[in-house]
Amino acid sequence: MKQLKVLFAVIIIILPFCKACYYDSEEALYPSTISSCDTTSVTFSGKIAPMLANNCYSCHSNATAAGFGAGIRLEDYADVKARATSVQGAIKHTGSYSPMPKNGGKLKSCLITQFDIWIRIGMPNN
Amino acid sequence: MHLNMKRSLISFLFSILSLLALAQDDLMNMLNQDAKPEINYTSATFKSTRIMNGHSIERMPPGQLDFRISHRFGRINSGAYEFFGLDQANIRLGLETGIFNWLMVGIGRGTYEKTFDGFAKFTVLRQSTGAKVMPVSVSFFSSIAVNSLKWADPERTNYFSSRLSYVSQILIARKFSQSFSFQITPSYVHRNLVETELDPNDLWAIGAGGRLKLSKRISFNAEYYYVANATTYLGQEVYNPLSVGFDIETGGHVFQLIFTNSVAMIEKGFIGETTGSWGKGDIHFGFNLSRVFSFKK
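Protein sequences, first through last, are from chains A and P.
All residue numbers for the first sequence refer to the numbering used here, where the first residue is 1 and numbers rise by one.
All residue numbers for the second sequence refer to the numbering used here, where the first residue is 1001 and numbers rise by one.
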């Protein structure tokens, strides 16, 4: 019984370490995505909508906004266009806008840059 | 004649009684010789398996299932419009149980980065007095967390290992008196994937936590982790997590009220990813609710 206990303890200690333990960084693993942020082909469907879907829809989709997102919907193009300035302030943590995403860090700087570009080129629905 | 008989009867009775008393003494001696000196293990160093955010030396005994509901609300300094953070809730649900009287395991799912976590905690040494004197209790804690957020960039080659992080802690605690316990927690956190080459994959931290009993049912708890090599997390400055709060014990429940600058409720999250600062008022109110179900017959 005692030996069984010791064996069990050893397995539990070792288990986490023999499973994948890597020393990766995004910088090293994905050199192209970090160094070259795609600033030329910024489209609503290609860059903006996926960014919103990944980071905002748990509270700001049409279905969840009433309950969790203070009624702010970011799913349809017209809604995003109408709120573009406040979204920009919220994700950049500037002005009096409530910083977003809540309780996490800021979005990746590339995503924020792409949102800036989309506003600058006139918020096209493409 | 009559009187004499009475006297002798009384003296006879007395001698019997004294004999009995002697025999009793012998019996006590025999009992004392038989009983081995006992080991008195210290119990209830902390009232819950958590001090505040971090684990305490305590574990669930076998046959008992702890259903934990933990909440951390938003930041108090977000103001009245956000109901001082209460509009926004982060939750962790956990199921934790004892396997042996030295091993406890648990699983959980938290809102913070949609993380699943599993842990094992086992007792190495128990504080005791009597035949065996041990000044401290020591446990070892090990956990794995799986971040289940959607990939930030689904088009690049993403690896499952990038979602994983590991934590190992040595919990060293001493119950100094009925009303005061203290714990020191050297900790190691490994993240498989970090943002830049400058961010360390390995984090080293040391935690300190204590419990001060205020009344029969209420105690004041505080916990602080010093993170030796924290840098930034997602472009935000990182602070050391400090939590203060109260344990309120009711029958079958331990209710912990917490004020903390960390929103995560697992080690991987509050060590090295705490972006709130007490100085700026980024304080989260929260609670841990623990309900223990017993399966022992």
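It should be emphasised that the hints constitute simulated quantities derived from the structure, not laboratory data.
Keep in mind that a hint or two might mislead.
List of simulated lysine-lysine pairs, DSS-like, C-alpha gap at most 27 angstroms [said to hold, decoys possible]:
hint	chain 1	residue 1	chain 2	residue 2
1	P	K1036	P	K1114
2	A	K92	P	K1114
3	A	K106	P	K1036
4	P	K1175	P	K1150
Ranges of calculated distance between the beta carbons of each label pair, as one might list FRET restraints [claimed, not checked]:
hint	chain 1	residue 1	chain 2	residue 2	range
5	A	H93	P	M1134	19 to 29 angstroms
6	A	I119	P	I1099	49 to 59 angstroms
7	P	Y1188	A	T85	23 to 33 angstroms
8	A	A66	P	S1179	43 to 53 angstroms
9	A	N62	P	N1158	25 to 35 angstroms
10	A	A53	P	E1197	44 to 54 angstroms
11	P	Y1224	A	Y77	44 to 54 angstroms
12	P	T1232	A	P31	12 to 22 angstroms
13	P	S1177	A	T85	56 to 66 angstroms
Idealized CB from N, CA, C, for every residue including glycine.
Hint check results:
1. Our distance criterion of 27 angstroms between C-alpha atoms is broken by K1036 of chain P and K1114 of chain P, whose separation comes to about 53 angstroms.
2. Straight-line distance between C-alpha atoms of K92 of chain A and K1114 of chain P comes to about 23 angstroms, which keeps the hinted pair within the 27 angstroms bound.
3. This hinted pair does not check out: K106 of chain A and K1036 of chain P have alpha carbons roughly 63 angstroms apart, beyond 27 angstroms.
4. With a CA separation close to 44 angstroms, the supplied pair K1175 of chain P and K1150 of chain P exceeds the 27 angstroms bound.
5. Judged by the Cβ atoms, the range 19 to 29 angstroms given for H93 of chain A and M1134 of chain P is violated: they are separated by roughly 51 angstroms.
6. Range check, I119 of chain A to I1099 of chain P: about 56 angstroms between beta-carbon atoms, so the 49 to 59 angstroms window is met.
7. Here the CB-CB span from Y1188 of chain P to T85 of chain A is close to 45 angstroms, at odds with the stated 23 to 33 angstroms.
8. In this structure, A66 of chain A and S1179 of chain P meet the distance hint of 43 to 53 angstroms, their C-beta atoms being roughly 49 angstroms apart.
9. The hinted range of 25 to 35 angstroms is satisfied by N62 of chain A and N1158 of chain P, whose Cβ atoms lie roughly 28 angstroms apart.
10. Under the hint 44 to 54 angstroms, the C-beta atoms of A53 of chain A and E1197 of chain P, about 29 angstroms apart, miss the expected range.
11. In this structure the supplied range 44 to 54 angstroms holds for Y1224 of chain P paired with Y77 of chain A, their Cβ-Cβ distance being about 48 angstroms.
12. Between T1232 of chain P and P31 of chain A the Cβ separation comes to about 20 angstroms, which falls inside the hinted range of 12 to 22 angstroms.
13. Checked against the hint of 56 to 66 angstroms, the C-beta distance between S1177 of chain P and T85 of chain A comes to roughly 59 angstroms, which is consistent with it.
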